[in-house]
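All chains should be built: construct the whole structure from the sequences, respecting the hints.
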Amino acid sequence: MERTTFRGGVHPKEWKEFSKDVPLRVFDAKKDMVFVLGQHIGRPAKPIVKKNDPVKVGQIIAEADGFVSANIACSCSGKVKAIEKRRNVAGAMMECIVVENDGQYEQISDWTKREELSGLSNEDILNRVKAAGIIGLGGAGFPTHVKLAPKDPLAIRYLIVNGAECEPYLTCNDQLMRSKAPEIVEGVEILLQLFQSAVGVICIENNKPEAIMAMEKATAGKNNIHVKALPTKYPQGGERSLIQVVAGMDYPVTKLPADAGCIVDNVGTIYAIQRAVLYNEPLISHVMTVTGEGAAAPGNYWVREGTSFAELLEETGGLKEGAEVKKLLAGGPMMGIAMSSLDVPVQKNNNGLTILTTDEVEQAEAQQTACLRCGRCTTVCPQGLMPQLMASAFEFNELERYEKKLYGLDCISCGCCTFICPARRPLTQMFKQAKAEILAIKRAASEGGKK
Amino acid sequence: MNTLNISSGPHTRDAMSTKRIMYTVIIALMPATLVGIFSYGLNAFLVLLSSVVTAVLTELLFCLITKRPISIYDGSAVITGLLLALSLSPSSPLYIPILGSLFAIGVAKCCFGGLGKNFLNPALAGRCFVLISFSNTATTFKVDAVSTATPLAVLKQGKAVNITEMFFGQSNAVIGSSILALLIGGLALWAMDIIHGEICFSILISFTLFIALFGGQGFDPRFLAAHLCGGGVVMGAFFMATDYTTSPVSRLGQMVYGCLIGILGAMFRVFGSASDSFSYSIIIANLFVPMIDMFIVPKPYGHRKAALARLEGGGKKTMKEKLPVPVIVLAVITLAAGFALSGIYTMTKDTIDEQKMNANIASYQEVCPDAVSFEKIEAADTAIAELEGAVYGTGFGRAYINSAVEGKDDSGNTVGYVIGVTSMDGYDGNVTLSLGLDAEGTVNGIAFTTLNETPGMGMRVDEPAFKGQFNNKSVNAFVLNKAGNAASDEEIDTVTGASTTSGAVVNAVNAGLDFFFNTVKGGE
Numbered sequence: 001m002e003r004t005t006f007r008g009g010v011h012p013k014e015w016k017e018f019s020k021d022v023p024l025r026v027f028d029a030k031k032d033m034v035f036v037l038g039q040h041i042g043r044p045a046k047p048i049v050k051k052n053d054p055v056k057v058g059q060i061i062a063e064a065d066g067f068v069s070a071n072i073a074c075s076c077s078g079k080v081k082a083i084e085k086r087r088n089v090a091g092a093m094m095e096c097i098v099v100e101n102d103g104q105y106e107q108i109s110d111w112t113k114r115e116e117l118s119g120l121s122n123e124d125i126l127n128r129v130k131a132a133g134i135i136g137l138g139g140a141g142f143p144t145h146v147k148l149a150p151k152d153p154l155a156i157r158y159l160i161v162n163g164a165e166c167e168p169y170l171t172c173n174d175q176l177m178r179s180k181a182p183e184i185v186e187g188v189e190i191l192l193q194l195f196q197s198a199v200g201v202i203c204i205e206n207n208k209p210e211a212i213m214a215m216e217k218a219t220a221g222k223n224n225i226h227v228k229a230l231p232t233k234y235p236q237g238g239e240r241s242l243i244q245v246v247a248g249m250d251y252p253v254t255k256l257p258a259d260a261g262c263i264v265d266n267v268g269t270i271y272a273i274q275r276a277v278l279y280n281e282p283l284i285s286h287v288m289t290v291t292g293e294g295a296a297a298p299g300n301y302w303v304r305e306g307t308s309f310a311e312l313l314e315e316t317g318g319l320k321e322g323a324e325v326k327k328l329l330a331g332g333p334m335m336g337i338a339m340s341s342l343d344v345p346v347q348k349n350n351n352g353l354t355i356l357t358t359d360e361v362e363q364a365e366a367q368q369t370a371c372l373r374c375g376r377c378t379t380v381c382p383q384g385l386m387p388q389l390m391a392s393a394f395e396f397n398e399l400e401r402y403e404k405k406l407y408g409l410d411c412i413s414c415g416c417c418t419f420i421c422p423a424r425r426p427l428t429q430m431f432k433q434a435k436a437e438i439l440a441i442k443r444a445a446s447e448g449g450k451k
Numbered sequence: 452m453n454t455l456n457i458s459s460g461p462h463t464r465d466a467m468s469t470k471r472i473m474y475t476v477i478i479a480l481m482p483a484t485l486v487g488i489f490s491y492g493l494n495a496f497l498v499l500l501s502s503v504v505t506a507v508l509t510e511l512l513f514c515l516i517t518k519r520p521i522s523i524y525d526g527s528a529v530i531t532g533l534l535l536a537l538s539l540s541p542s543s544p545l546y547i548p549i550l551g552s553l554f555a556i557g558v559a560k561c562c563f564g565g566l567g568k569n570f571l572n573p574a575l576a577g578r579c580f581v582l583i584s585f586s587n588t589a590t591t592f593k594v595d596a597v598s599t600a601t602p603l604a605v606l607k608q609g610k611a612v613n614i615t616e617m618f619f620g621q622s623n624a625v626i627g628s629s630i631l632a633l634l635i636g637g638l639a640l641w642a643m644d645i646i647h648g649e650i651c652f653s654i655l656i657s658f659t660l661f662i663a664l665f666g667g668q669g670f671d672p673r674f675l676a677a678h679l680c681g682g683g684v685v686m687g688a689f690f691m692a693t694d695y696t697t698s699p700v701s702r703l704g705q706m707v708y709g710c711l712i713g714i715l716g717a718m719f720r721v722f723g724s725a726s727d728s729f730s731y732s733i734i735i736a737n738l739f740v741p742m743i744d745m746f747i748v749p750k751p752y753g754h755r756k757a758a759l760a761r762l763e764g765g766g767k768k769t770m771k772e773k774l775p776v777p778v779i780v781l782a783v784i785t786l787a788a789g790f791a792l793s794g795i796y797t798m799t800k801d802t803i804d805e806q807k808m809n810a811n812i813a814s815y816q817e818v819c820p821d822a823v824s825f826e827k828i829e830a831a832d833t834a835i836a837e838l839e840g841a842v843y844g845t846g847f848g849r850a851y852i853n854s855a856v857e858g859k860d861d862s863g864n865t866v867g868y869v870i871g872v873t874s875m876d877g878y879d880g881n882v883t884l885s886l887g888l889d890a891e892g893t894v895n896g897i898a899f900t901t902l903n904e905t906p907g908m909g910m911r912v913d914e915p916a917f918k919g920q921f922n923n924k925s926v927n928a929f930v931l932n933k934a935g936n937a938a939s940d941e942e943i944d945t946v947t948g949a950s951t952t953s954g955a956v957v958n959a960v961n962a963g964l965d966f967f968f969n970t971v972k973g974g975e
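Read top to bottom, the protein sequences are chains A and B.
Anchor point for the first sequence: position 165 equals 165 in the numbering used here, and the numbering is continuous, going up by one each time.
Anchor point for the second sequence: position 289 equals 740 in the numbering used here, and the numbering is continuous, going up by one each time.
One or more of the hints may lead you astray.
The calculated lysine-lysine pairs, modelled on BS3-like cross-linking and capped at a C-alpha distance of 25 Å, are [to be verified]:
hint, chain 1, residue 1, chain 2, residue 2
1, A, LYS404, B, LYS750
2, A, LYS13, B, LYS470
3, B, LYS859, B, LYS972
4, A, LYS51, A, LYS31
5, A, LYS79, A, LYS51
6, B, LYS750, A, LYS255
7, B, LYS750, A, LYS435
8, B, LYS750, A, LYS405
9, A, LYS255, B, LYS756
10, B, LYS756, A, LYS404
11, A, LYS31, A, LYS405
12, B, LYS750, A, LYS432
13, A, LYS405, B, LYS756
14, A, LYS442, B, LYS470
15, A, LYS405, B, LYS859
It is worth saying that the hints were derived from the structure and are not from the lab.
As C-alpha cells, then:
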C-alpha cells in the first residue's frame with residue numbers, strides 16, 4: 001500500500017540554493033572540543049577518562065550507561081582539560097568533557113582495513129554499531145543499536161533510508177548522497193542482513209535530482225534496494241511521514257516504527273554504520289551545512305563532534321559583511337533551535353548552522369491576530385490533529401481534554417501549524433509547553449504513588 | 452554582534468496572513484458588487500457604501516471606547532459591511548444598511564469579543580436584524596418604482612421563473628444577486644483554499660437533494676436550478692456559511708454543518724415561507740458549531756480503527772475497508788427515491804392538473820352558476836404562459852393571472868368566464884380568487900380559493916357584505932373606498948381595519964377584469 005505522499009504538510013521556501021552545489025569539505029577545528037554527555041535520547045554517557053588524561057581521535061571517552069544510551073568517541077587528540085557543566089545548543093547547562101585540542105589529530109587506528117560483511121554475524125554488526133556510539137543523526141538522537149534490535153527482526157518489512165532532507169536551507173545530506181552513494185548502499189546491505197525479510201527503500205525528495213541519480217546508479221542491479229523520489233513537502237523526512245508513504249501505515253505515538261514493520265534511519269546514520277561495521281571506525285564526525293543569508297560562504301562540511309559553533313562559523317568564512325544577524329539556528333528554520341550564543345559545541349545530531357538576517361518570528365509577533373478558526377492548521381497537521389482546538393484547550397487549561405479528547409500528546413512538534421497560521425499564533429510552542437506540563441503532572445503523580 | 456533573537460521554532464512563516472485572507476475575500480466579492488451597482492444603479496452603490504463605512508466606523512469606535520488595539524485594518528469589518536449590503540434590496544432606504552451594519556459589528560461581532568470570537572455570522576445577524584425590524588421595507592424590491600415579487604415568491608406559487616435573469620443578476624432581488632458573479636468569486640476562493648469546499652458543496656448537494664426529494668417536482672432541472680439560483684443559496688453557501696469563525700474546524704464537522712444548512716434551508720423553502728429562509732438556516736447552524744466542534748473530533752491518523760487493524764494485520768488492507776459503505780448506501784437510497792419521485796411526478800402530472808381543475812370547478816360554478824361545463828381558452832393560456840410568472844400589468848400591485856376558462860351551457864353557448872387571480876399583497880400571504888363574469892363582463896361574483904388572513908379582520912372579505920359588493924357590476928375597474936358609504940358602482944367599501952386585504956382583493960379583481968377585457972375579449 002504505497003502512497004505518493006503523506007497527508008498534511010506545508011511548502012516552506014526551500015532556500016537550498018545557497019549551499020546545494022557546494023561539495024563536502026573536511027573541517028578540522030583548532031580549539032578545544034566539548035563533548036556533551038547527554039546528547040542522545042536516554043541516559044547520559046558515563047565518562048571513563050579523568051582530567052589531564054591524554055586522548056586520541058577515536059578513543060571512547062564516555063561509555064553508554066545502560067541499554068538506551070550511547071558511547072562517545074573523542075574526535076581530536078590532546079588531553080582532557082575538564083569534566084564540567086557547559087552550555088549546550090538548547091542553552092541548558094549539561095555535564096561535558098572538555099578536551100584540549102593539540103591539533104595533531106593522532107588516531108588510535110587508521111580505519112582502513114576493510115572487513116567483508118559475509119564474515120560478520122548479526123551480533124557483530126550490532127556490537128560494532130553500539131561501540132561506535134552511533135545515534136540517529138537526523139535530529140532525534142535515538143541510540144541506533146537500540147533501534148536495530150526490535151523484538152522480531154523478521155517482522156520488519158521496510159528498511160527506510162531517510163534522505164528526504166525536507167528542512168529548508170540544509171543540503172548536507174544531499175551532498176553526502178551525491179559523494180558517498182556506494183558506501184550508503186553498503187550500509188543498507190548491512191542492515192538488510194539484520195532484517196532478512198525487509199526491502200531497503202531510499203527516500204529522497206524530488207528537489208534533489210543529482211542525489212536521486214547517484215543513489216539510483218549505486219543501487220542498479222540490486223533488487224532488494226529501491227530509490228523512491230518523493231514530492232517536496234515538509235515534513236517529508238519525518239519518520240511517520242515516511243512510513244505513511246512507504247508502508248501506507250499510520251500508527252499511534254505510543255508505538256514504534258518497528259511495530260509498523262519499519263526501521264527508519266537517516267542517510268548519515270547509514271553511512272556511519274557502514275564505517276563502523278566494515279572499518280571499525282567510531283562516530284567522530286558527520287555532515288553539516290553552514291548557510292543562511294548571513295553566512296559569507298555557505299557550504300557543506302564534515303564536522304567533528306565537539307567543535308564549537310563559533311569556530312565553525314569563523315573558519316568557514318564567517319558572517320557576511322554588513323549582515324545584521326537576527327537569529328542563529330542549530331538546524332534549519334522549521335525544527336532548528338535558536339541559539340543565544342555560538343559558544344556551544346556541535347553534537348552528533350546537529351545537521352546545520354543557519355544564520356538568519358530576518359526573523360520572521362519577530363515579524364509574526366507584530367502581525368498576530370485572534371484565531372480565525374480558519375482550519376489551516378488542521379489541514380496541514382501530518383498527524384491528523386486539531387491544533388486549533390488543542391490551542392484553545394491549552395489556553396483554558398483544559399489539560400485533560402487536551403490529552404484525552406484531542407490526543408494532544410501525539411503532536412510531533414513539526415511546526416506545520418505555526419508555519420501556516422495566518423493569525424501568526426505560536427501553536428507549536430503552546431503544544432510543547434502543554435506536553436511538558438502534562439508529563440510533569442504525570443511524573444509527579446507516579447512519584448507520589450511510589451511514596 | 453547585535454543581540455540575537457531567541458524563540459521557539461519554527462522560525463519561518465507562510466505568506467498568508469489574516470489581512471491577506473480578508474483582502475482576498477473582498478476582491479472575490481467585487482464581481483458581485485460591481486454587477487449589483489451596474490444593474491441597480493446609484494442607490495445600490497449608496498447602500499453598499501453606507502454599509503461598509505458604518506461597519507468600519509463601528510469597529511473603530513468600539514476599539515477606541517474599549518481601549519483595544521485598532522483592528523479595522525484587517526479588513527474583516529469591510530467584508531461584513533459588504534456582505535450585509537449585498538444581501539439587502541437595492542432600493543433599501545439608507546437607514547437599513549446603516550442600522551444593519553451597526554448591529555452586525557457592534558452587537559454580533561464586537562460585543563462577543565471581536566474577530567474570531569463571534570458565534571453568529573455578523574453580516575447575517577445584521578441582515579436578520581433589519582429583516583425583523585423593518586420587514587416591510589426591507590423585503591420590498593422595486594424595479595422602476597414598481598413593487599415586484601422576488602423570483603422565489605413566484606416559484607413558491609408553482610410558476611416558472613426566468614433562470615437566465617437570475618443567473619446574470621437582472622431579476623428582482625438583493626444587490627448581490629448575480630449568481631454568475633458570486634460563483635466566479637466563490638469558486639476562486641475555493642480554488643485558492645481560502646474557503647472550505649466541504650462546507651459549500653455539502654450545502655449545495657444536500658439542499659438540491661432535499662428539494663428534489665420533497666420539493667414535489669423531483670429532479671426537474673429547471674425547478675432545481677431556480678431554487679439554487681434564488682434566495683441567496685449561492686451567496687450563503689460560498690460567502691456566509693464559510694465564515695471561518697462561525698463554522699466548525701474539522702472536515703467532518705464542516706460537512707455536518709453544511710448538510711444542516713442545506714437541509715434546513717430546503718425545509719424552510721418547501722414547508723415554510725419562501726423568502727430569507729437561507730439566512731435563518733445559516734444562523735441556526737452557526738449556533739450548532741460549538742457543539743459540533745465539541746463532539747466531532749476526528750481521531751489522529753494512527754488511532755483510527757483501520758490504521759490499528761492494519762497495524763495488527765501486518766499492513767494488509769481489507770476490501771471492505773476500502774469501500775465507504777455508508778456513503779454508497781445513502782447515495783443509492785437518495786438517488787432511487789429521487790428518481791422514483793420524479794417518475795411519479797411526470798406520470799401523474801396530467802392527473803394532478805385534472806384534479807386541480809376539478810377542485811377549481813366548485814369555485815367556478817359558484818361564480819358562474821349558469822354554466823354546466825368549463826373549457827380552456829387558448830388565447831388566454833398563451834398569454835398566461837407568455838407572462839412567465841411575472842406580475843400582471845401595472846397598478847394592480849403584485850397580482851398574477853393563474854387561469855381563464857369559459858363557461859358553457861347545455862347547448863355549447865358561452866354563458867360566462869372565470870378568471871383565476873392571485874394577489875401577493877395580502878396581509879398574511881397570498882389571496883387567490885376566482886372572478887366570475889358573464890359574457891359581457893359584468894361581475895357575477897367572486898369566490899376565494901386561498902385566503903389566510905387574520906380571522907375577524909382580513910378574513911371578513913369572504914363575507915357577503917364585502918364580496919357581494921362586486922356582484923352585478925359592470926365596470927372597468929373598482930376603487931377601494933376607505934371612508935365607507937360607497938356612492939358609485941366603482942367604489943368598494945373596505946372591511947374595517949383590514950384595508951390591506953381589501954385592497955389586495957380589489958387589485959386582484961381589477962387585474963382579472965383587465966385581463967378579461969384586454970386578452971379574453973380583446974383576443975376574440
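*So which of those numbered hints doesn't the model satisfy?*
11, 14, 15
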